[in-house]
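One line per chain: the protein sequences are A and B, in this order.
The opening residue of the first sequence carries number 120 in this note's numbering; numbering runs sequentially from there.
The opening residue of the second sequence carries number 27 in this note's numbering; numbering runs sequentially from there.
For the record, the hints were derived by calculation from the structure and aren't laboratory data.
Some clues are possibly wrong.
To be clear about the criterion: a stretch of chain B counts as covered by chain A if any three or more of its residues have a C-beta under 8 Å from a C-beta of chain A, and this derived list gives those stretches [unchecked claim]:
(1) 111-120
(2) 129-143
Just a sample of chain B residues kept apart from chain A, beta carbon distances all over 12 Å, derived [to be verified]:
(3) 51
(4) 178
(5) 183
(6) 216
(7) 239
(8) 255
(9) 300
(10) 323
(11) 328
(12) 375
Sample of chain A residues at the chain B side, in silico, Cβ under 10 Å [said to hold, decoys possible]:
(13) 190
(14) 235
(15) 238
(16) 256
C-beta: ideal position from N, C-alpha, C; glycine also.
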Amino acid sequence: MSEAALEALRSTLAWAALATLLVMLPGTAVAYVLARREFPGKKVVSTLFSLPLVLPPTAVGYLLLRLFAFDGPLGRRALGFDLGVILTWKAVVIACAVMATPLVVRTARVSFEAVDPRYEDMARTLGHGRLATFLRFTLPLSARGLLAALILGFTRAVGEFGATIILAGNIPGRTQTLATAIFSAQQAGRETEANFLLGIALVAGFAAVFAAESLAPRQAAVPGRR
Amino acid sequence: MSAPPSLAVRVRLPLDRFALDVDFETTHRVTGVFGVSGAGKTALLETVAGLRRGARGEVRLGEEVWLDSARRLRLPPERRHVGYVPQDSLLFPHLDVRGNLCAGRGRALSGGHDFAKTFAAVVRVLDLEPLLGRAVATLSGGERQRVAQGRALCSGPRLLLLDEPLASLDAALRSKVLPFLHRVQAEFALPVLLVSHDPAEVQALCEDLVVLREGRIVARGEPRAVLTRPEVFPLARREGGFENVLPGVLVETRAESSVVRLGRGPDGPALTVPRAAAAPGGSVLLAIPADEIMLALERPAGLSARNVVPARVEAVQAVGASRLVSARVAGDAPPLVAEVTADALAELHLAPGTELFLLVKASAVTLYEDGG
Chain A
120 MSEAALEALR STLAWAALAT LLVMLPGTAV AYVLARREFP GKKVVSTLFS LPLVLPPTAV
180 GYLLLRLFAF DGPLGRRALG FDLGVILTWK AVVIACAVMA TPLVVRTARV SFEAVDPRYE
240 DMARTLGHGR LATFLRFTLP LSARGLLAAL ILGFTRAVGE FGATIILAGN IPGRTQTLAT
300 AIFSAQQAGR ETEANFLLGI ALVAGFAAVF AAESLAPRQA AVPGRR
Chain B
27 MSAPPSLAVR VRLPLDRFAL DVDFETTHRV TGVFGVSGAG KTALLETVAG LRRGARGEVR
87 LGEEVWLDSA RRLRLPPERR HVGYVPQDSL LFPHLDVRGN LCAGRGRALS GGHDFAKTFA
147 AVVRVLDLEP LLGRAVATLS GGERQRVAQG RALCSGPRLL LLDEPLASLD AALRSKVLPF
207 LHRVQAEFAL PVLLVSHDPA EVQALCEDLV VLREGRIVAR GEPRAVLTRP EVFPLARREG
267 GFENVLPGVL VETRAESSVV RLGRGPDGPA LTVPRAAAAP GGSVLLAIPA DEIMLALERP
327 AGLSARNVVP ARVEAVQAVG ASRLVSARVA GDAPPLVAEV TADALAELHL APGTELFLLV
387 KASAVTLYED GG
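Input sequences plus hints: build the corresponding full structure.
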């Protein structure tokens, strides 16, 4: 029993980590553009990236299912080959990544907005190009906030249920996660197992949110502050 | 020292309430831009630095073209080789003082500078050695300014842009930072463009002055001459008043006061001033507000003012209800400007050539050490 539970925990952590890494790079880029640039349709873009936060997760799961289905835009008929996503671990990762995206983008955006753009101007006058300025000044100045984004994204991925169960199913040993395992245990009346899984979820969740809270952006990046 | 490359700025930049619209060219080592707050001074500096995308026109330093809208040319800030020192210093909070000084190292190296040598010179001239390991957040205002200037100088700039280098500092700190600025001018042969709303600051530092009002140039020339012009003097008065900034040499320091000889030569009159920390023989700058100087046709007796200086009237100028009297004293110091009312002027029958006495209280004089 606890063997299977531990297996679910291990897979969940691995898939959530992969999903978070997958989101971080493009998510940070999108967050930076939203924080620094003005362009037509910016509100639409920003809303789209927040959508998974407000939609029922099952709706997102169903949308992804339509996307990867045989006759969907990313299905075998359109691509000519099968991506092999549905009902596999890849589906878990994709579902988690999509559900984590809003938290990553929103948190990263706030932490970029907390960095006075004049620091970037200053770096440019000292001879640094756009990319060097971003890597050597913007990133370190927003590091705490970005770390918080990473932790929040990861937590969301670990806890993902609705989208996962639709796109990846709930197959023990193959696509079962902590969240879906609790669901199965509870449905089948395996109370001890459910309690054990609940305990794990509580400890992991508390640790993650506590870490994120203590890393949230301070006013460190406001100029003129002594 | 060879003449600095000419800096040409012909730009138009829409701002909130008006447009910055300037056209000037300078070959002076230190050019000042004077104007009240909100006249567009910082916008002008940022335009030269390349930080204002909306600017149209032309910016050149010597042979280098930084902006030429007609040719659709706009060099990004990282290729303009400017050393920008903003008013609030903008030191990078994630780096310590040494890290900040080294922030422009790559550019200095690619420009062919010997970074280690420049770094050592900057640390020596600005006295930064004790600060190198400090976190930026622990620095005082004057220290922040010095580090920001050091960071700019270390990056191997061809033009130094200073935004109100002294304005954010109190009087005690000013007298500390001013000598450093003079040493920077003396040691690093760099053209400087400086903006300021402080009449004393521009006189102490600049050779050439451009006066900006709502984005446009309203006067241009030698700082003290420009600041006493009728159309500029009211601006100076709004910013704390016009002060005579004069060179001097410290003669001796007593228990309660110091004595300074006006001018650099041996013939200037001696003035009693507040006690100075500098050693006798050192050069100083004196600042005497124009409205703190009284005029007398005869040497008064039984007077509390410590200084009674014989002078001869050179010019009299009307500025609104006030009259500005320029009077030359013995020696090589430039003439002093006193502000009196029109009535007082009429009563004294002052005209060019009139001999008179300037009365100055010791406490009205501010003394700055001059590192030059």
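Assertion that residue 239 of chain B lies farther than 12 Å from chain A (Cβ): Holds: least Cβ distance 26 Å, greater than 12 Å.
Interface hint compliance - residue 256 of chain A to chain B, C-beta minimum distance less than 10 Å: With Cβ-Cβ at 7 Å, under 10 Å, it holds.
Reported absence of residue 178 of chain B from the contact zone with chain A (all CB gaps over 12 Å): violated, 8 Å
Given as non-interface: residue 51 of chain B, which should sit over 12 Å from chain A by C-beta: Answer for residue 51 of chain B: holds, closest chain A Cβ roughly 22 Å.
Interface exclusion of residue 323 of chain B relative to chain A, criterion Cβ beyond 12 Å: holds, 51 Å
Closest CB of chain A to the CB of residue 300 of chain B still more than 12 Å away: Given a closest Cβ separation of 29 Å, the condition holds.
Exclusion check [residue 255 of chain B not at the chain A interface, CB over 12 Å]: holds, 33 Å
Interface hint outcome for residue 190 of chain A [beta carbon to chain B under 10 Å]: violated, 48 Å
Annotated coverage of the segment 129-143 of chain B by chain A, confirmed only when three residues or more have a Cβ within 8 Å: That given contact holds, which follows from 6 residues of the segment 129-143 of chain B lying within Cβ reach (below 8 Å) of chain A.
Given hint residue 235 of chain A near chain B, where the shortest CB pair must fall under 10 Å: Constraint on residue 235 of chain A satisfied, holds at 8 Å.
Within 8 Å of chain A's CB atoms, at least three CB atoms from the segment 111-120 of chain B: coverage verdict: holds (count 7)
Restraint outcome when residue 238 of chain A is required to lie within 10 Å of chain B by C-beta distance: Holds. Min distance 6 Å.
Checked against the numbered hints given earlier, this structure breaks hints 4, 5, 13; the rest are met.
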